[in-house]
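Could you build all of it, start to finish, from the sequences and the hints given here?
What follows is the residue order along each chain.
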Amino acid sequence: MLPDQRRLHMHDGPIDLIVQAFGEFSKIESAYRAAGDRFVSVLDELCEELTTLRQPWRHDLAVHGAVARRMVQAVAPHGRSTFITPMAAVAGAVAEEILASMTANARLSKAYVNDGGDIALYLASGEEFCVGMVERPDRPSLFGTLRIHATYPVRGIATSGWRGRSLSLGIADAVTVLAPGAAEADAAATIIANAVDLPGSEKIARMRASELAPDSDLGERLVTQSVAQLSVEEVHQALDAGASVADRLRTEHLILAAALRLQGETRIVGAHAESLFEESTANRRRLVHA
Amino acid sequence: MDDDAIRCDACPVLCYIKPGRTGSCDRYANHGGQLVRIDPHIVLDRAVSRGDSVVPFLGKNREWDGSLISGADTFVTAIGAGTTYPDYKPAPFIISSETQGVDMVTVVTEGIFSYCGVKLKIDTDRHLGTECSTVRAQGEAVGHVTTSEYGSQMLSLGGVRHLTGGSRQEGTVTCETLLNLCNGKAAKLEIDGGAKIVVQASQPPIVDGVREERMRVGCGSATIGMFAKQWEGKVDEVVVVDDHITGVLSEHQAGKLLGIPETGIKMKGRRSTPGRYFKVAEPGTSWGGTNITDPLSILAPFDHKLSWKGLRLLMVSTTGEHYAYFELDDARRPIEKELPVILRESVARIRENCEPALCTVLFMGGAGGSLRAGVTENPVKLTRSVRETLTRVTCGGAPVYVWPGGGITIMVDVSRLPENAFGYVPTPALVAPIEFTMKLDDYAALGGYMDHVRPLSSIQQEQESRSRIAAHPENPWPLEVGKKGSKL
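Going down the list, the sequences are from chains A and B.
Per my numbering, the very first residue in the first sequence carries number 1; after that it's consecutive.
Per my numbering, the very first residue in the second sequence carries number 1; after that it's consecutive.
Honestly, the hints are just simulated from the structure, not real lab data.
Mixed in with the good hints, there may be bad ones.
A few chain A residues that face chain B, going by a derived Cβ cut-off under 7 angstroms, partial list only [claimed, not checked]:
#1 Gly13
#2 Asp44
#3 Cys47
#4 Glu49
#5 Pro214
Pair ranges (Cβ atoms, derived) [as the list claims (entries may be wrong)]:
#6 A/Glu45 <-> B/Pro473: 52 to 60 angstroms
#7 A/Glu45 <-> B/Ile342: 53 to 61 angstroms
#8 A/Glu45 <-> B/Gly407: 49 to 57 angstroms
Virtual Cβ for every residue (Gly too), placed ideally from N, Cα, C.
Rendered as structure tokens:
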């Protein structure tokens, strides 16, 4: 348990989860126990099929583990048109799996599993969540908040960007996606963040993924290492590229909304999403924090 | 595959890590061909510990008010701060902040402690080993048994002689054992001529495979003193079996005062004062920390003149864990009978009064050496400033006890530090966070590196990874002015 005595923190290798359930005390307890029981074997199951999961999606990619199947299913809609490996959905899939174990074992009013920013949500009818968004994990300040009510079909939130823990092909500081599930959100955020880009720009330093991490699923692909100050036009051009992908995913009903963030500019995609994403007042203040 | 890359075996992902890079967890890195654990630089936060969300993954229907932290609510710990080498270079972080209108400076560094170890308090009365016996981990000597304290056994582990004074293997194993204990992990230890134990900070000890549940309520004599009144009239004689001081109700001062008659009981062992016996048996892991399994083995035959047929005798251990009830037959032999209901409560009460048995781990290390040169050009001034309590020393934000006398030798309860606050270097030596906090003008007066002092806010503007965690709710806030005997 975290020091606040409300949230559960679980960690195994690269997986780091913050879990919180709401409801009756006894129900929360059984939900946390279920989460813990399920968590024990998740990393081992994934590692057994790691070689397969690091391969680009193919229609005949066969995996067996429950989390692995969630991953493959989540990337499948993107796999035909673009490069993606099931690893793009690993965090969201783990979050979904743990959340499923909790809700299957206890009647909760609401719950979330946050796997390093990729979040699976459960909302009983009438409940809602308020979520804060951070563009740079090294500078935990919020650039906005969003409200998710039970009637709105979002149960997964994921954020991707080159500053995050995973390598990115694009230059977005953060792309936050709302989707029906966390694994779907994770995969979509990866795709959109990859698309926020200025191909060939000299302001972007890139390196082969394999040079950074020999066993990266991105292989020889160039990943973003740093981005110099861009002009307003460049920022818009890169965001346009990402937004067009996000818009396509939205019309295909793969996502409900997305917020794309690059060098202080935010682009929102999604019909009534504007009202969901509330720009934070934090953004307008000079923050002093270490 | 690249030759410089190393395989990390810290978890089943088994990342290949290139020099200067981290694995997928961001926690393990390849540092010059060696796998090292790196942790984000930890920044303590009072807002987090108050339950406010600073990085609110999800707030509970709460509007984000936009305010993050005011300077004084943030304390930069040394965890993950790194060190500077050589020592005379200013410490990695010298940070100014304002608390209650006073300009404060915190000098933050991770110290490499060659002189360090842990003091381990193990709540058990079971015999772990005789004083001075060697304590081993993986067969290597890592420390020794020191004193028995009230309800606990003390071990001293580590120290420079095990770390660097013995074989390479001894040093490595010692370092690993200390690191595990300091980071709240379990350590398996074996005591020469004694017990095999598993110890872990804030967890019950496991002695020879048995998890210790409770501390004894007191020594045998103290137990008589506590419960004499409750036994009066319900039983004729009570023996509280204890390896240190076994108590006998009818002879004990408490029994005498209640007018409990003599029973003709004869104890083995050496009588200390009336009703208090030393060495009734050998130390062990059974009844009251002795080696006996049959309580009658510590009794000699009853005196026929003083005892009587039907005399009721209760024998119980200091934890209430072992107990037996007897009545004397015609030949004045104790015959075991079921414990009467009226005595069950007193046995249960002994158990109820026993506190949970825990292991506590205090890290002890000397910061009086060259580390001081990273704080000031005149190291002895730092020592004096600490001594005069102008400078507060903390370890990962946790309060420390500074030993009187020379140097800056500190002790800290490892459970007060954030997770995984300790590291190591292959020397072998432990790496522990240490912070010196003082008023800005005091820092100037002791010859501090004033040109390296930087505001708290500047820390945030760097690219380096930094993690903001909740301050330990029981720790005094390191920057607090005017707390408990400190001039700060």
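Check: Does the Cβ distance between A/Glu45 and B/Gly407 fall inside 49 to 57 angstroms?
Finding: Holds, since A/Glu45 and B/Gly407 (Cβ atoms, about 52 angstroms apart) stay within the stated range.
Checklist line | Per-residue hint verdict: A/Pro214, partner chain B, C-beta under 7 angstroms | finding: 4 angstroms, holds
Check: Is 52 to 60 angstroms a correct range for the gap between the Cβ atoms of A/Glu45 and B/Pro473?
Finding: 36 angstroms, violated
Item checked: Interface hint outcome for A/Gly13 [beta carbon to chain B under 7 angstroms] -> 3 angstroms, holds
Note to self: Can you tell me whether the CB distance of A/Glu45 to B/Ile342 sits inside 53 to 61 angstroms?
What the structure shows: 57 angstroms, holds
Check: Is the hint on A/Cys47 kept, meaning its closest Cβ partner in chain B is under 7 angstroms away?
Finding: 4 angstroms, holds
Checklist line | Cut-off 7 angstroms, beta-carbon criterion: hint that A/Glu49 touches chain B | finding: 12 angstroms, violated
Notebook entry, point to check: Should the interface hint for A/Asp44 be scored as holding, given a Cβ-Cβ cut-off of 7 angstroms against chain B?
Noted result: With Cβ-Cβ at 6 angstroms, under 7 angstroms, it holds.
Violation of the numbered hints given earlier is confined to hints 4 and 6; the remaining hints are satisfied by the structure.
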